Amino acid sequence: MGPIGVPGIILLVILALLLFGPNKLPELGRAVGRTFREFKDGAREIIDDEPASKKKEEAPQPVVAQAKTEDRRLPE
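With the first letter of the sequence shown counted as 1, position 3 gets the number 2 in numbering that gives the first Met the number 0; the numbers rise by one all the way through.
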């Protein structure tokens with residue numbers, strides 16, 4: 000199955016209008032938006048927690064000062 004094109008999106012909008020009516024669509028859209036936002040926030044928390052737990056387990060690495068390197072281009 001390919002991606003949904005413009006005719007598919009139009010059909011979905013018409014179907015949503017018939018099922019829920021024009022008065023319920025804004026409320027339904029807000030509920031879907033809140034759900035996606037909560038899901039995204041939860042996923043970020045899981046991703047952010049994973050590196051923090053790995054950092055605690057690993058020993059800290061010593062900081063090595065890097066010497067400045069000059070621009071070494073070939074002569075033209």
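Worth flagging that the hints you see were computed from the coordinates, not collected in a lab. Since the model is a prediction, treat every value here as computed from it, not as a measurement. There's no promise every hint is true.
[What the hints assert, rightly or not] Heads up, simulated SDA-like pairs for lysine to any residue below, C-alpha to C-alpha not over 25 Å straight-line: (1) K39 <-> I3; (2) K39 <-> R29; (3) K23 <-> I13; (4) K23 <-> I45; (5) K23 <-> V12.
[As the list claims (entries may be wrong)] Taking CB as the label site, the calculated pair distances span: (6) F38 <-> L14: 17 to 27 Å; (7) V5 <-> L27: 32 to 42 Å; (8) A30 <-> I8: 18 to 28 Å; (9) G28 <-> V5: 18 to 28 Å.
From the three backbone atoms N, C-alpha and C, an ideal C-beta is built for every residue, glycine too.
Hint by hint, here is what the structure shows:
1. K39 <-> I3: holds, 23 Å
2. K39 <-> R29: Judged against 25 Å, a Cα distance of about 15 Å means the pair holds.
3. K23 <-> I13: holds, 14 Å
4. K23 <-> I45: violated, 33 Å
5. K23 <-> V12: With Cα atoms ~13 Å apart, K23 and V12 stay inside 25 Å; holds.
6. F38 <-> L14: 17 to 27 Å: About 24 Å separates the Cβ atoms of F38 and L14, which means 17 to 27 Å holds.
7. V5 <-> L27: 32 to 42 Å: This hint is violated: roughly 22 Å between Cβ atoms.
8. A30 <-> I8: 18 to 28 Å: 20 Å Cβ-Cβ, so the 18 to 28 Å window holds.
9. G28 <-> V5: 18 to 28 Å: holds, 20 Å
In terms of the numbered hints stated before, the structure departs from hints 4 and 7, listed from lowest to highest.
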